[in-house]
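Residue numbers (this note's numbering): 4 to 170.
Check before you lean on any hint, since a few could be wrong.
[What the hints assert, rightly or not] Below, simulated PhoX-like cross-link-like pairs (lysine-lysine); rule was C-alpha separation at most 20 Å, straight line:
| # | residue 1 | residue 2 |
| --- | --- | --- |
| 1 | Lys95 | Lys69 |
| 2 | Lys87 | Lys153 |
| 3 | Lys95 | Lys114 |
| 4 | Lys114 | Lys124 |
| 5 | Lys114 | Lys153 |
| 6 | Lys114 | Lys101 |
[Unchecked claim] Each pair of labels, with its calculated beta carbon distance range:
| # | residue 1 | residue 2 | range |
| --- | --- | --- | --- |
| 7 | Lys87 | Gly31 | 45 to 53 Å |
| 8 | Ser123 | Gln29 | 41 to 49 Å |
| 9 | Pro107 | Glu140 | 16 to 24 Å |
| 10 | Gly131 | Lys87 | 20 to 28 Å |
| 11 | Thr119 | Val91 | 18 to 26 Å |
| 12 | Glu98 | Lys70 | 43 to 51 Å |
| 13 | Thr84 | Pro144 | 12 to 20 Å |
| 14 | Gly31 | Asp86 | 43 to 51 Å |
| 15 | Val33 | Thr84 | 36 to 44 Å |
| 16 | His103 | Val142 | 24 to 32 Å |
| 17 | Pro144 | Val33 | 31 to 39 Å |
| 18 | Pro107 | Gly30 | 13 to 21 Å |
| 19 | Ser135 | Gly30 | 42 to 50 Å |
To be clear, the hints were calculated from the coordinates, so they are not data collected in a lab.
These numbers were taken from a predicted model, which means no experiment stands behind them.
We treat Cβ as the ideally placed atom computed from N, Cα and C, and that holds for glycine.
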Amino acid sequence: SLLSAAVFAALLWSGTVPAQTVGRIQGGTVTIAVPTMPTGYSVVASAGLGDVLAANLIGEGLVRWKKSALEVEPALATSWTVDKNATVWTFKLREGVKWHDGTPFTAADVKFTFDTIADSKVRSATAGQIASYERTEIVSPTEVRIVFGKPFSALLYMLAYRMPIVP
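Generate the whole structure from the sequences, applying the supplied hints.
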């Protein structure tokens, strides 16, 4: 991932990893110190670096950052479209994905994630990033439509940055 590359580059730059090992390290453990204790549940996570790192390492979003470029690529979504006003986003979801307990991943999980983050009683740190969120419509178990009250052309980048879907 982009984070792994950044950590490895930092270690290489600091002299912790000898230059001759570049591209040869396999397996092992990387320990990353973060300035906060992660909450562990991305929906209520704070805006702290620890929560962002934990959410992205533990969960999967609709899209993610490409390893080779600062572009997004499909993750739990296989494809997406957006209307001309950038207010209605439709995502086709990957089939065959299961949660840790064997329950299938569906559009209901995407709806639950967005509705929970937008719920003012939850007080999610991510709520401000989707402030104009209106609703999520389940088109089918493998297709979801997310509607915003104002244009949200940066949605994909926000999703890749810190919005893993939760069951």
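For each hint, the structure was consulted:
1. Lys95 <-> Lys69: With a Cα-Cα distance of about 19 Å, the restraint between Lys95 and Lys69 holds, given a limit of 20 Å.
2. Lys87 <-> Lys153: holds (12 Å)
3. Lys95 <-> Lys114: Within the cut-off at roughly 13 Å; holds.
4. Lys114 <-> Lys124: holds (17 Å)
5. Lys114 <-> Lys153: holds (19 Å)
6. Lys114 <-> Lys101: Roughly 16 Å between the alpha carbons, so the hint for Lys114 and Lys101 holds.
7. Lys87 <-> Gly31: 45 to 53 Å: holds (48 Å)
8. Ser123 <-> Gln29: 41 to 49 Å: Holds, at about 47 Å.
9. Pro107 <-> Glu140: 16 to 24 Å: holds (19 Å)
10. Gly131 <-> Lys87: 20 to 28 Å: holds (26 Å)
11. Thr119 <-> Val91: 18 to 26 Å: holds (21 Å)
12. Glu98 <-> Lys70: 43 to 51 Å: violated (23 Å)
13. Thr84 <-> Pro144: 12 to 20 Å: holds (18 Å)
14. Gly31 <-> Asp86: 43 to 51 Å: About 46 Å separates the Cβ atoms of Gly31 and Asp86, which means 43 to 51 Å holds.
15. Val33 <-> Thr84: 36 to 44 Å: holds (37 Å)
16. His103 <-> Val142: 24 to 32 Å: Given about 26 Å between the Cβ atoms, the range holds.
17. Pro144 <-> Val33: 31 to 39 Å: holds (37 Å)
18. Pro107 <-> Gly30: 13 to 21 Å: violated (31 Å)
19. Ser135 <-> Gly30: 42 to 50 Å: 45 Å Cβ-Cβ, so the 42 to 50 Å window holds.
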